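Chains as they are written, first to last, in numbering that gives the first Met the number 0: chain A, 0 to 420; chain B, 0 to 362.
Please note: incorrect hints may appear among the correct ones.
[Claimed, not checked] What follows is a set of in silico ranges between Cβ atoms, one per label pair, in the way DEER data are often shown:
#1 Trp293/B - Glu319/A: 56 to 64 angstroms
#2 Leu200/B - Thr243/A: 49 to 57 angstroms
#3 Gly187/B - Glu319/A: 46 to 54 angstroms
#4 Arg201/B - Cys351/A: 26 to 34 angstroms
#5 Pro112/B - Glu218/A: 25 to 33 angstroms
[Unchecked claim] Straight-line Cα separation of at most 16 angstroms, EDC-like style, residue types lysine to aspartate or glutamate; simulated pairs:
#6 Lys58/B - Asp179/B
#7 Lys165/A - Asp184/A
#8 Lys354/A - Glu40/B
#9 Lys318/A - Glu287/A
#10 Lys46/B - Glu337/A
#11 Lys110/A - Glu162/A
[Said to hold, decoys possible] Incomplete in silico selection of chain B near chain A, CB under 10 angstroms:
#12 Cys27
#13 Lys137
#14 Arg191
#15 Arg193
Since the hints were derived computationally from the structure, they do not count as laboratory data.
Model, not experiment: these values are computed from the prediction.
Note that beta-carbon positions come from the ideal geometry of N, C-alpha and C, so glycine has one too.
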Amino acid sequence: MGDDQTRNTISETDTLNLPILIIGGGISGITSAVELAEAGQEVVLIEKENYLGGNVSHFNNYFPKLCPPSCGLEINYQRIRSNPRISYYTGASLKNICGTDGDFMVNIQLKPRLINNSCTSCGKCAEVCPEERPAKLGRTAGEKAAFINNGLAFPMKYCIDPEVCKREACARCLEVCDYNAIQLDASPAEVGIQAGKIIVATGWNLYNATLIENYRYSEESDVVTNVEFERMLAACTREKIKLTRPSDGLTPRRIAFVQCAGSRDINHLPYCSAVCCSASLKHALTLEAEYPEIDAEIFYIDMRLSGRNEKLLKQAEEKERITLTKGKVGRILPGDEEKGLVLEVEDISSGCKRKDTYDMVVLAMGLTPTPVAAGLKVNEYGFYLPDQPSGMIPTASCKRPMDVSSSVKDATASALKAMQR
Amino acid sequence: MSTINPDLGFKRKLTRLSGSQLNQCMQCGNCSAVCSLAPTERPFPRKEMIWSGWGLKDKLMGNVDIWLCHQCGDCSTYCPRDVKPADVISAIRQTSYQHYARPLFLGKLVSNPVWLPLAIAIPVVVIIAILFLAGTFKIPPGPVDYSAFFPHGLLNGTFSAITLFFYLLASFGIGRFWKDMKIQTPPGEAGRKRLPVFRVLREILSHSNFSGCGSRTPGKVAHLLLFFGFTLLIMVTLYAIWATVTHHYPLPITNPFKILGNLASVMIFSGLGIMTWQRLFNKSVFGKSAYTDWLILAAIALLTLSGTLVQLARFGDWSIAYHLYFFHLVAVWFVIMYMPFTKLGHIFYRTTALLYARSIGRK
């Protein structure tokens with residue numbers, strides 16, 4: 000290591016003539032984009048949602064230092080804004096990829112935002128909007144059709160969900176907008192992008208919790224996934240409100256965390272999702288620090304923490320209001336008189352079967368790969384293989400489950416890989 | 000310091016019988032958590048899984064809990080590693096029959112297909128010997144009259160004596176089983192209560208433990224049919240033996256006991272039909288079927304079928320009537336005499352284990 004002859008030096012001549020396309024505008028895609036642009040490379044970033052930032056922008060805090068997402072994202076947004084070599088498209092879905100390594104032609108479709116760049120994000124459109132987007136994974140119930148990413152909006156402009164908006168039949172937002180920003184007749188557009196290299200940073204999905212029938216996710220509103228819980232915590236931090244449980248709006252006193260919900264299970268995901276143990280410890284420590292009325296208990300098979308995340312375990316072990324119990328939860332049942340949720344589990348350390356009641360249950364769900372983009376090779380679980388014959392470069396959590404800090408390192412490495420001829 | 004003596008041969012045997020990759024078990028405890036019958040204190044089957052993986056035969060042979068399991072298969076269905084705890088427990092039970100069999104040879108005889116010809120030959124030779132001794136070993140002319148060929152008194156007497164002898168041998172094994180249970184699962188501080196005979200009898204008759212099981216109501220129906228069909232047939236047979244001594248035998252088709260006997264065989268056929276269907280087509284719930292499972296299903300099926308045919312042959316004056324009766328007697332031997340050493344031995348072992356478990360308050 001450190002041998003000057005083998006070390007790659009980046010110079011102007013190393014940059015490609017064609018821009019590098021990055022698919023996915025989450026923390027990894029953004030990282031690759033700014034690294035490349037700051038090394039002198041033209042990049043085009045495309046994101047299917049209306050905002051950059053991906054999952055991290057909705058988080059309460061993230062690894063490794065448990066910072067709020069603003070901590071890492073704002074500086075990156077600033078780097079994007081100030082760098083003329085980065086162009087980006089939001090609401091962009093991939094139509095097809097043609098060509099070969101060094102000369103790709105990519106067609107993307109842009110869904111209409113229905114609000115143009117004149118928007119000052121005053122929010123009047125959302126105030127009068129009568130339509131609501133359906134509540135979905137982590138999406139706050141009651142979000143209007145005219146909305147802005149309630150985490151860290153980039154671009155800092157409202158948009159309208161074309162699938163919910165009634166367009167001209169309603170048009171109340173048109174009347175209140177003082178900046179002529181509303182364009183209800185906008186239609187989808189298609190754009191062709193020529194690219195020398197493609198970095199795929201499509202990230203992860205959460206495993207479908209309704210498939211784990213024993214955990215009654217479909218039946219019980221107080222059984223939530225860890226991503227939903229993360230966003231609930233984020234909403235509490237943002238709006239400075241108390242944490243309440245979904246079923247009756249009361250403050251939960253006991254919250255159980257169920258590890259390996261879907262992971263390490265031959266009936267679901269055979270692999271370890273790698274981040275869920277750290278995530279649940281993070282949640283428990285957040286509750287311990289900010290919600291003194293709530294006790295947390297984590298049920299685990301093994302606590303699997305890597306690198307510096309190990310210290311989360313040491314911290315949690317010292318806390319009186321955090322209990323760590325070895326044993327995989329077998330079933331979640333409704334409590335007596337429909338109060339609370341009963342967890343059936345063998346406490347392996349004591350060798351006794353427990354049936355205790357909790358006010359709320361957080362499922363530490365496994366991570367799945369994103370659907371396959373055309374021409375990419377995947378492993379047995381559907382994650383992208385690191386080396387692709389097509390020359391495309393998958394990066395970060397679409398290759399295997401990994402936390403933010405690992406993803407950022409991998410995205411930086413992918414940027415370097417993309418610049419090498 | 001305790002010493003662990005793994006019995007690798009025992010582990011290999013369990014692996015072969017259950018088809019389970021014991022080393023794949025990660026001891027997560029999901030099996031114990033989903034089991035509806037596992038007691039609160041020291042639930043099963045997670046601990047049985049680690050003992051099996053380590054080849055700890057001594058811990059598993061006197062184990063009470065494997066007999067509390069009624070094989071609903073929930074532990075296997077939801078096992079995240081597909082190590083099939085239900086099949087492992089079933090394999091431990093199979094091994095127990097052989098372990099406690101005295102002489103050991105009798106356990107081997109009915110647990111391995113290699114010995115099947117000998118297992119069949121023994122009753123064949125004994126029956127022929129009885130016929131020779133009675134001097135009736137010649138098919139009589141005229142309408143079918145079984146007593147002209149089979150000396151009922153001698154046959155019934157010899158069969159009863161051999162059955163009692165075999166069961167006496169088995170009782171020694173059950174005695175050792177009881178002693179092992181006391182070592183493996185000593186009574187708690189509350190001590191041991193008087194034997195809760197009526198409670199266990201009620202559990203068995205009502206099949207209440209099957210209802211406690213998660214996803215297996217079809218298993219309960221089939222077992223109920225077989226259990227009561229079998230009980231009924233034994234009662235009818237005892238009556239028939241008594242009838243041969245006291246008054247005219249065979250019984251006419253209109254005799255209430257004859258009708259009951261036929262009803263019982265219908266029940267047994269239905270039960271067997273369901274069980275076979277489940278073993279063949281619902282493997283995900285009913286697990287792997289071993290030689291002993293099929294042996295006993297086949298023996299009961301042949302016993303009931305030949306019994307029905309023997310009766311038809313008598314009324315229909317079939318020429319093969321005597322051959323059928325001979326076959327029927329061999330099947331009787333298989334089911335009744337070999338009972339403590341085959342899978343049907345669960346009648347003795349499970350009852351004993353239930354008596355012990357309930358007497359120490361384990362539920």
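The hint says 46 to 54 angstroms between Gly187/B and Glu319/A; measuring C-beta to C-beta, is that right? For Glu319/A against Gly187/B, whose Cβ atoms are near 32 angstroms apart, the range 46 to 54 angstroms is violated.
Does the Cβ pair Leu200/B, Thr243/A satisfy 49 to 57 angstroms? Because 53 angstroms falls inside the window, the suggested range holds.
Pairwise beta carbon distance, Arg201/B to Cys351/A, judged against the given window 26 to 34 angstroms: Since the Cβ atoms of Arg201/B and Cys351/A sit about 28 angstroms apart, the hinted range of 26 to 34 angstroms holds.
Would the hint on Lys137/B be counted as holding, given a Cβ-Cβ threshold of 10 angstroms to chain A? Given a least distance of 64 angstroms, the restraint on Lys137/B is violated.
Hint check for Glu218/A and Pro112/B - Cβ pair distance inside 25 to 33 angstroms: 48 angstroms, violated
Satisfaction of hint between Asp184/A and Lys165/A, Cα-Cα up to 16 angstroms: 11 angstroms, holds
With a cut-off of 16 angstroms on the C-alpha distance, tell me whether Lys110/A and Glu162/A pass. Answer holds: Lys110/A to Glu162/A is near 10 angstroms, not above 16 angstroms.
Are Lys354/A and Glu40/B close enough, with their CA atoms no more than 16 angstroms apart? Distance ~12 angstroms between Lys354/A and Glu40/B Cα, so the pair holds.
Using 10 angstroms as the Cβ threshold, decide whether Arg191/B counts as touching chain A. 21 angstroms, violated
Against chain A, is Cys27/B within 10 angstroms by beta-carbon distance? Because about 4 angstroms separates Cys27/B from the closest Cβ in chain A, which is inside the 10 angstroms limit, the hint holds.
Take the C-alpha atoms of Lys58/B and Asp179/B, compute the straight-line distance between them, and say whether it is at most 16 angstroms. Holds - the C-alpha atoms of Asp179/B and Lys58/B are around 9 angstroms apart, at most 16 angstroms.
Answer holds if the nearest beta-carbon of chain A is closer than 10 angstroms to that of Arg193/B; otherwise answer violated. Nearest chain A Cβ about 27 angstroms off; hint violated.
The structure does not agree with the numbered hints 3, 5, 10, 13, 14 and 15 stated previously, though it agrees with the rest.
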